[in-house]
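All chains, full assembly: derive it from the sequences and hints.
Residue numbers (the working numbering), protein chains in the order written: chain A, 1 to 205; chain B, 206 to 430.
Bear in mind the hints are in silico, worked out from the structure with no lab data behind them.
There may be inaccurate statements among the hints.
Label-pair restraints from in silico Cβ distances [to be verified]:
no., chain 1, residue 1, chain 2, residue 2, range
1, A, 10, B, 216, 27 to 33 Å
2, A, 180, B, 388, 26 to 32 Å
3, B, 405, A, 153, 20 to 26 Å
4, B, 299, A, 2, 55 to 61 Å
5, A, 84, B, 207, 49 to 55 Å
6, B, 228, A, 156, 38 to 44 Å
7, A, 176, B, 306, 53 to 59 Å
8, B, 355, A, 155, 22 to 28 Å
This structure is a prediction, so every number in the text was calculated from the model and none was measured.
For every residue, glycine included, the Cβ atom is placed at its ideal position computed from N, Cα and C.
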Amino acid sequence: MPHDHASHDDPHALLPSDPALRVKALETLLTKKGLIDPAALDEIIDTYENKIGPRNGARVVARAWSNPAFHDALMKDATSVVADLGFYGRQGEHMVAVENTDTVHNMVVCTLCSCYPWPLLGIPPGWYKSDAYRARVVREPRQVLAEFGVVLPDDTAVRVWDSTAEMRYLVIPQRPAGTEGMDEEALMALVSRDSMIGTGLAGQP
Amino acid sequence: MSRLHDMGGRFGDGAVEPEAEDIKFHADWHPRAMALTVATGAVGAFNLDMSRHARESLSPKDYMRFSYYEKWLGGLANVLTQTGVITREELAGSVDPAPSPLSPRKLTADRVAGVLAKGGPVERPSNVAPAFVAGDTVIARKFAENADVSGGHTRLPSYAAGARGRILRLHGSHVFPDSNAHGGGEAPEPLYAVVFAAAELWAHPEHPNDEVVVDMWQSYLTAAP
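Right, dumping it as structure tokens:
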């Protein structure tokens, strides 16, 4: 049987101990080797700081709430529907939308690392990547929800989706009552990032 | 549990701390570490599964003391060295860096938007036929370990190992990480969403109706007797 040698002799320990210096040292080395363009790093940072974030997902949810044909297409094949909106890309190649109802509340985690639908929600928040969330949400989702201020009725089941493969899940929160006349832009304001991970609910109008 | 990254269901981690939606990073070097990893990955010297395996193979001591992006940096330095893209001497700064033969594949600023938008889909045609349909009862493999490579990469979490679940849906055939992380090729096979009752996974489930869904490759599963 082959053996894995990946953990031996820790090459990373040759880098400086301060993490800011470690990034700098690695960037300098890779730039000198012709593998990194520092301007490309600036562009990647600008993309995820300013261009791609949870408002993409909020638009998908608001449209699903207000357009039945879009809703049905999204539930059937989320990947192609979000691609048509321009929200396809890295860490969102295979999308599935899961819908909250009176009887089921969905939540998403990656217990093994930090898998997350980047094109729709941006890079994951600190808590999503934390040991506490990864360890606990599969075992005690209701206690984790309470830490976000969410208490579910006792007759609502919780279904936690562990993103162990490259499938990325988008939670469609329940549309709040009293929003019947609202347009897509107004509905978007009620859709938080946390509500699309399942650690929150949609806001009230 | 073979490695520390496999932490689903572990006790003792304390409260989850919510944070505002506009907080993207927690230190000035975090976005640089993220971008460096993304840009280096685009060169194509290693695949996503090798990259994940490099992070989870950090020594337990480092995995626990490192912050999130420190794990990324540690994994990146290790996988670049293991694949021969950089040398230990270059990493230590004891020699001048040699130009890389991979440099023509460098991600340039003008290509960033296109590369990010293109992504890296992993659904593939496969000669492995789906063995299960939605509704079938299955048992997850007893050992949450790579079946072929001792100590190797797997995406079967320990908490679901040996558990009895039900096929929820077939996702198509996807690249198999247990092979792809170790130079064994993509070896695509059917991938399923498998739903497990919380009571099947935990001695003290919070609620009798709660469930956990895990994405599992076909070779992780057998038909329930």
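Item to check | Hints violated by the structure (listed by number, smallest first) | outcome: 2, 4, 5, 6, 8
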